[in-house]
Amino acid sequence: MFRADRLTECRKLRKLTQEQLAHKVNLTKAAISNYEQGRSAPPHETLAALVDALHTNADYLLDLSDNPDSKSLQNTSFSSASKTAVGQNTQPDSGVYIAYLGGPPEEMDEEEAEHLKRELEMFRAFKEKRRRERESLKE
1 MFRADRLTEC RKLRKLTQEQ LAHKVNLTKA AISNYEQGRS APPHETLAAL VDALHTNADY
61 LLDLSDNPDS KSLQNTSFSS ASKTAVGQNT QPDSGVYIAY LGGPPEEMDE EEAEHLKREL
121 EMFRAFKEKR RRERESLKE
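Each step along the sequence shown adds one to the number in full-length UniProt numbering, with nothing skipped, and position 81 is 81.
Heads up, a few of these hints could be off.
To be verified - Listed below are the simulated DSSO-like cross-link pairs for lysine-lysine, each with C-alpha atoms no more than 30 Å apart in a straight line:
#1 K138 to K12
#2 K117 to K127
#3 K127 to K24
#4 K138 to K29
#5 K138 to K127
#6 K127 to K12
#7 K12 to K117
Hint data in this document are derived by calculation from the structure and do not stem from the laboratory. No experiment lies behind these values; they were computed from the predicted model shown.
Based on the provided sequences and hints, a complete structural model is requested.
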C-alpha cells in the first residue's frame with residue numbers, strides 16, 4: 001500500500017516544495033498534493049520517477065520496508081551477473097549487460113540499466129505486497 005506520509009516526509013527531507021517535486025517528475029502540483037493526501041496513488045512509472053527524484057526506494061514508499069535509503073546494487077554489476085546467469089564469460093568487461101532468459105546478453109547503457117533496476121524493485125515490492133495480503137487472508 002502506498003504511504004502518502006512517506007512521500008511527504010521524503011519530499012520535505014530533500015527540502016522540495018510540491019511544485020518543485022512536480023517539476024522534477026513532470027507532474028502538476030495538484031497530482032503531488034493528491035498523492036501526499038492519500039487521494040490517489042501514483043502509477044508504476046510515476047512511482048519510479050518519484051523514487052529517483054527523492055533518492056529513496058519503492059519498498060519504502062509502498063510500506064514494504066522501513067529503510068528510506070536508496071537501494072544500490074551490492075557488489076554485483078549487471079555485467080558480472082549476466083555472465084554468470086548465462087554461463088558465459090566471452091563478453092568484454094566494458095559496458096553494461098543483461099541476460100534474457102533463453103537469449104544472449106544484450107548491451108545497454110547506464111540509463112537503461114537504472115530503469116530496469118527500478119522496474120525490478122517495483123516488481124519485487126508488488127510480489128511482497130501480494131504475499132503479505134495472501135498471508136493476512138489466511139489468518
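Review point. Which numbered hints turn out to be false for this structure?
Key: 1 and 4
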